[in-house]
Amino acid sequence: MISMFVTDLDGTLLKNNRYITKEDKEALQLLNKKGVDITIATGRSDREVQAVFKELNITGHRISQNGTFTFSKYNENVFSQVFEEGTSLKLFDFLHAFDFPCLISNFDNIHYAKEIPMAQTLQSLFKTPLIYQQDLRNRIEQDFSTSKFMLLGETSELLSLEKKIISLFDTDVSTFLSADMCLDIVPKGADKRRALEALLNQTGIKKQATASIGDGFNDINMLAYTPHSYVMSSAEPKVKLHGKKTVQHVYEAVDDLFCHNLIL
1 MISMFVTDLD GTLLKNNRYI TKEDKEALQL LNKKGVDITI ATGRSDREVQ
51 AVFKELNITG HRISQNGTFT FSKYNENVFS QVFEEGTSLK LFDFLHAFDF
101 PCLISNFDNI HYAKEIPMAQ TLQSLFKTPL IYQQDLRNRI EQDFSTSKFM
151 LLGETSELLS LEKKIISLFD TDVSTFLSAD MCLDIVPKGA DKRRALEALL
201 NQTGIKKQAT ASIGDGFNDI NMLAYTPHSY VMSSAEPKVK LHGKKTVQHV
251 YEAVDDLFCH NLIL
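Using the UniProt record's numbering, read the sequence shown as starting at 1 and increasing by one per residue.
Since the hints were derived computationally from the structure, they do not count as laboratory data. Where is the CB? At the ideal position from N, CA and C, for every residue including glycine. Warning: the hint list may mix true and false statements.
[Said to hold, decoys possible] Label-pair ranges, simulated between beta-carbon atoms: (1) 260 - 157: 39 to 47 Å; (2) 117 - 84: 26 to 34 Å; (3) 142 - 35: 40 to 48 Å.
[Claimed, not checked] Calculated lysine-lysine pairs in the DSBU-like style (CA-CA distance at most 30 Å, straight line): (4) 238 - 25; (5) 22 - 90; (6) 127 - 34; (7) 127 - 188; (8) 238 - 206; (9) 240 - 15.
Could you build the full structure based on these sequences and the hints that come with them?
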């Protein structure tokens, strides 16, 4: 039987990175009513995850920034991982030598140090404010606790830069294409699977009782880890290899679990 259902946001639960369909919302609410724990696992910030749960009108577990922060549905801090200050500064200096828009996160907020011409357009994709801060480097030297760098640009160019990042910072960072035209850089070892493992250990829920759904390269480890995994039909072929079944919507995955009597 399924005791936990884990869903990604962008490209999965969030359509066009903005809204949740009525059918998907009702499916998750039904799972919650049936006693299934709902977990959101995303590259977005914890504040944004909280906003989604508020929209769903349910309470659940929160895995944010690709696994750097994990909180239980009771708001217990289950897991967290941030960059060492020296690594943050080196990454900041290296990345700002390029023209890619760069968003830098700590637990609370998303910041940027160089003006971004499309900032207003970007803001519409986020559920929390993007904060422009010219002295961000100084903040990082003090108490910023950097948890993620996000680069935006043409995917082919980001993949080329990713190779350089890995060659220079391989022992300190993990990188993911979290969405089309979006490269995330997080502390080494941080990913959704590791965060989910910590959450399952905290809750006592078995891996065999867990289902997950996602669409991105940052979902691969999570999909491969959970025995009941669904991948979105819009996902890249390499991502689809790691899901047990392919669906077009979150509610289809939920329906499939009911059809196979995996939910009481």
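Structure-based check of each hint:
| no. | hint | in the structure |
| --- | --- | --- |
| 1 | 260 - 157: 39 to 47 Å | 43 Å, holds |
| 2 | 117 - 84: 26 to 34 Å | 32 Å, holds |
| 3 | 142 - 35: 40 to 48 Å | 45 Å, holds |
| 4 | 238 - 25 | 28 Å, holds |
| 5 | 22 - 90 | 44 Å, violated |
| 6 | 127 - 34 | 28 Å, holds |
| 7 | 127 - 188 | 27 Å, holds |
| 8 | 238 - 206 | 27 Å, holds |
| 9 | 240 - 15 | 19 Å, holds |
When each numbered hint is compared with the structure, a violation occurs for hint 5 only.
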